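Using the hints, position chain B against chain A.
These protein sequence lines are chains A and B, in that order. Residue numbering for the first sequence follows this note's numbering, starting at 1 and increasing by one per position. Residue numbering for the second sequence follows this note's numbering, starting at 1 and increasing by one per position.
Keep in mind that the hints are not guaranteed to be accurate.
Said to hold, decoys possible - Taking lysine-lysine and the BS3-like style, the derived pairs with C-alpha atoms no more than 25 Å apart in a straight line are:
1. Lys100(A) to Lys57(B)
2. Lys53(B) to Lys100(A)
3. Lys3(B) to Lys59(A)
4. Lys3(A) to Lys57(B)
5. Lys112(A) to Lys55(A)
6. Lys100(A) to Lys55(B)
7. Lys100(A) to Lys13(B)
8. Lys71(B) to Lys100(A)
Think of the hints as simulated: they come from the structure by calculation, not from any bench. On a predicted model such as this, the values are computed, not experimentally measured, just so you know.
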Amino acid sequence: SQKIEQNSEALNIQEGKTATLTCNYTNYSPAYLQWYRQDPGRGPVFLLLIRENEKEKRKERLKVTFDTTLKQSLFHITASQPADSATYLCALDEDTGGFKTIFGAGTRLFVKA
Amino acid sequence: DVKVTQSSRYLVKRTGEKVFLECVQDMDHENMFWYRQDPGLGLRLIYFSYDVKMKEKGDIPEGYSVSREKKERFSLILESASTNQTSMYLCASSSPGQNNEQFFGPGTRLTVL
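This is chain A alone, in the form it adopts within the complex (with noise of 0.2 Å):
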């Protein structure tokens, strides 16, 4: 069956460290992935979009990497701060049309000061 696969466990980090998230899939073959972030009794919001035949992504202190090999993409936030702290979706697509889109259950974030 088709699977994201994200860490429950959510992750605490130092400010100022590199954050990692992973985003494992299986029985999939995405056009693209997304990472959305979410807030608390928020809705997601779109981060970045990283596409099959692209290897890395970066936006500011954001960086994304996706291997169509290993079916993983990892998230990195560098210098993270507390602001920082949420919970970071990733989202997948066959369909380049975008109505399929699939989301993992996330992975939670805390920065501590």
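What follows is chain B alone, placed relative to chain A:
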């Protein structure tokens, strides 16, 4: 500032009641989506629409229906609410070509007693 709004943040209904959840977007997006979010399960797609009066079932449509009479408005209907429909409901919209980025509303936390 682009926006997706949902009619209620919190809603309490009784078993068997008909429930309407409304979503409005001001971005002229073609695509609109309804998800439910439950702890540990991530976002699950209930229905989506790619045009006015068009609708497609998602992964968990049972017990739900939708209506899209105008481009900016997408309604989710629970014909006869049940306790297992207690959840956070999130509406989203997107436009093809914009990274398939989905813009989410703030969510409606529905409790069915």
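- Query: Given the proposed pairing of Lys100(A) with Lys55(B), does the C-alpha separation stay at or below 25 Å?
  - Reply: 13 Å, holds
- Query: CA of Lys3(A) to CA of Lys57(B), is that 25 Å or under?
  - Reply: Holds - the C-alpha atoms of Lys57(B) and Lys3(A) are around 19 Å apart, at most 25 Å.
- When you check the alpha-carbon spacing of Lys53(B) and Lys100(A), does it fall within 25 Å? 19 Å, holds
- Message: Need the status of pair Lys100(A), Lys13(B): alpha-carbon distance at most 25 Å?
- Response: Violated, at roughly 30 Å.
- Query: Taking only the CA atoms, is the gap from Lys100(A) to Lys57(B) under or equal to 25 Å?
  - Reply: 10 Å, holds
- Message: Lys112(A) and Lys55(A) were given as a pair; does the straight-line alpha-carbon distance stay at or below 25 Å?
- Response: 30 Å, violated
- Item | Satisfaction of hint between Lys59(A) and Lys3(B), Cα-Cα up to 25 Å | 23 Å, holds
- Query: Quick one, are Lys71(B) and Lys100(A) close enough, alpha carbons at most 25 Å?
  - Reply: Distance ~19 Å between Lys71(B) and Lys100(A) Cα, so the pair holds.
Figure legend: structure checked against the earlier numbered hints; hints not met, in rising order: 5, 7.
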